[in-house]
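Those sequence lines, one after another, are chains V and F.
Under the working numbering, the residue at position 99 of the first sequence is numbered 99, and the numbers go up by one with no gaps.
Under the working numbering, the residue at position 162 of the second sequence is numbered 162, and the numbers go up by one with no gaps.
FYI, nobody ran anything at the bench for these hints, they're computed from the structure.
Fair warning: this is a prediction, and the values are worked out from it, not measured in the lab.
There's no promise every hint is true.
Treat identical chains as interchangeable: a pair holds within one or across any two.
As the list claims (entries may be wrong) - Taking lysine-lysine and the BS3-like style, the derived pairs with C-alpha atoms no more than 30 Å apart in a straight line are:
#: 1; residue 1: K75; residue 2: K291
#: 2; residue 1: K162; residue 2: K118
#: 3; residue 1: K227; residue 2: K161
#: 4; residue 1: K192; residue 2: K20
#: 5; residue 1: K205; residue 2: K75
#: 6; residue 1: K308; residue 2: K275
Protein chains: 2
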Amino acid sequence: MSLTVVGTVAFDAIETPFGKTDKIIGGAGTYIALAASYFQKNTNLISVVGNDFPETYLKLLKNHNIDIEGIQIKKDEKTFFWSGKYHDNMNKRDTLVTELNSLANFDPVVPDSYQNSKYLMLGNLTPSVQQKVIDRMDKRPEFIMMDTMNFWMDKTPDDLKKTVSNVDLLCINDEEAQQFSGENSLLSAAEKIIADGPKYLIIKKGKHGALLFGENKIFSAPALPLKTVFDPTGAGDTFAGGFIGYLSDTDDLSFENMKNALIIGSVMASFTIEKFGTEGLQQLSKSEIGKRVKQFIDLTRFNLDPEKI
Amino acid sequence: MSLTVVGTVAFDAIETPFGKTDKIIGGAGTYIALAASYFQKNTNLISVVGNDFPETYLKLLKNHNIDIEGIQIKKDEKTFFWSGKYHDNMNKRDTLVTELNSLANFDPVVPDSYQNSKYLMLGNLTPSVQQKVIDRMDKRPEFIMMDTMNFWMDKTPDDLKKTVSNVDLLCINDEEAQQFSGENSLLSAAEKIIADGPKYLIIKKGKHGALLFGENKIFSAPALPLKTVFDPTGAGDTFAGGFIGYLSDTDDLSFENMKNALIIGSVMASFTIEKFGTEGLQQLSKSEIGKRVKQFIDLTRFNLDPEKI
């Protein structure tokens with residue numbers, strides 16, 4: 001029951017009020033695959049890097065049992081590089097540098113061994129590239145999840161709509177849901193988006209948690225209250241990776257199980273934001289993850305009998 | 001096990017994108033007492049109105065079994081009047097008119113029959129007036145809950161700190177918690193506020209729900225996703241009223257029961273914002289309330305075993 005992920009593998013340089021990094025491993029595909037790898041032991045990654053991408057970073061992925069046959073290494077090009085700076089309250093960030101490099105002409109290749117993946121996760125990328133991955137699978141995966149962002153809503157709205165119409169679950173944040181649907185209420189936005197395509201929708205609300213919509217049901221997961229958000233980079237990707245990793249590993253597409261996957265996504269994201277880059281995701285134990293699941297249970301569980309009000 | 005509430009009883013004139021009201025009954029005390037009255041059958045209200053306050057509005061309160069002996073009717077004065085206009089997305093409002101009138105010199109009187117109240121709810125008011133009510137109780141109520149707002153943090157910070165230090169539970173919104181504590185993270189804000197006084201803290205986050213802190217525990221309640229927020233006026237007061245009404249009626253001050261009270265507060269607030277003013281709160285049945293509690297259960301309940309991750 002393998003999972004194939006497509007997404008960027010990149011260099012990030014991050015500055016927050018707590019410090020500054022050199023070029024470290026980043027990219028949506030990296031965060032998604034790392035988070036998923038804690039649950040899904042057959043995680044495949046499709047991406048592209050340049051000749052400057054160090055072997056140690058590829059090893060980091062391999063050490064998490066991630067199949068990297070799908071990562072093209074472009075001999076004459078450099079790796080996608082992003083640099084950003086977060087402001088005091090971590091709510092806003094400025095992009096300082098974006099060098100697309102090898103990502104500019106990314107033509108995704110699906111290795112033979114990925115062809116039978118039942119689950120496909122499209123990390124945030126050019127929508128037409130996401131679509132290419134769907135098209136290049138011999139048969140349509142049973143469940144396709146897609147992440148995207150406002151940038152593509154502005155830049156390639158038609159391509160975006162096409163790809164969205166071909167997936168089972170769309171994952172975006174609250175402002176993006178409002179922009180994409182033209183609706184202010186998230187409930188109305190969800191109804192409209194689901195009517196137009198994907199059966200399920202996740203709306204990420206950052207520190208306010210996330211909502212899952214589908215089958216005329218709604219589930220709300222809080223974010224774990226933390227004293228310090230050290231570095232929010234990759235939180236949304238980690239969330240998506242935890243979600244699809246758990247969902248594909250349990251191989252149960254019921255709404256009830258998607259609720260659990262949403263909690264797992266929130267748990268994994270809480271580890272990412274505690275440290276720089278992927279550091280918080282690199283060496284987690286099942287017992288650490290379990291403890292944090294318990295925190296989410298304590299945070300949300302109440303025993304009120306609707307019949308005895 | 002009675003509950004005494006102090007808070008404004010007022011005229012409100014409200015304009016939202018959905019319509020406009022004449023002067024209708026409003027005020028923190030009104031919303032709190034109405035919401036509480038669905039649970040606590042012995043709810044007392046301390047307030048002040050002018051000679052222009054119609055008998056029908058007093059009857060509305062009496063019909064909910066609210067004891068209004070504590071509402072002073074000032075023969076030569078007018079009732080506190082507030083008028084506000086909400087903008088398109090309902091996140092911002094402009095105050096158009098504030099006429100303090102009889103509220104300007106409000107000197108709260110605690111009737112004898114209120115003296116043995118085990119529960120006291122201080123609605124948002126001048127902190128020194130809230131303190132006067134505490135001082136005028138023959139013996140300190142067992143549980144005092146207090147609502148306030150940023151206005152008093154700016155205007156009478158010392159009076160505010162004094163009153164806050166004398167209550168068991170403080171209820172404020174997220175921005176107010178940040179301002180009051182000087183901390184950006186809500187978790188850090190809560191720790192600081194609790195260290196300085198009240199044992200429990202509720203942080204209201206509007207459409208993102210509410211957090212309850214105390215005994216080194218945290219509980220998170222979502223807000224019910226709604227298609228239309230018709231009129232947010234009084235939502236926070238209703239929330240507080242539902243909370244203290246349920247808590248005082250069940251007379252169980254455990255953190256577990258406060259979780260239930262937080263859900264009840266959220267349920268009651270969801271009724272208020274669906275209609276203008278207090279309309280959504282005027283004629284609820286226990287079965288309607290129970291149905292909405294069920295919605296909150298569906299919205300938050302998941303079955304993930306931390307041992308089986």
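Each hint, compared with the structure:
1. K75 <-> K291: Close neither inside one copy (44 Å) nor across copies (62 Å); limit 30 Å.
2. K162 <-> K118: For K162 and K118, only the intra-copy Cα distance (21 Å) is at most 30 Å; the inter-copy one is 62 Å.
3. K227 <-> K161: between (38 Å within a copy, 23 Å between copies)
4. K192 <-> K20: Classified as between; 28 Å across copies, 41 Å inside a copy.
5. K205 <-> K75: So K205 and K75 fail the 30 Å test inside a copy (39 Å) and across (51 Å) alike.
6. K308 <-> K275: Between copies, since 26 Å is at most 30 Å while 45 Å is not.
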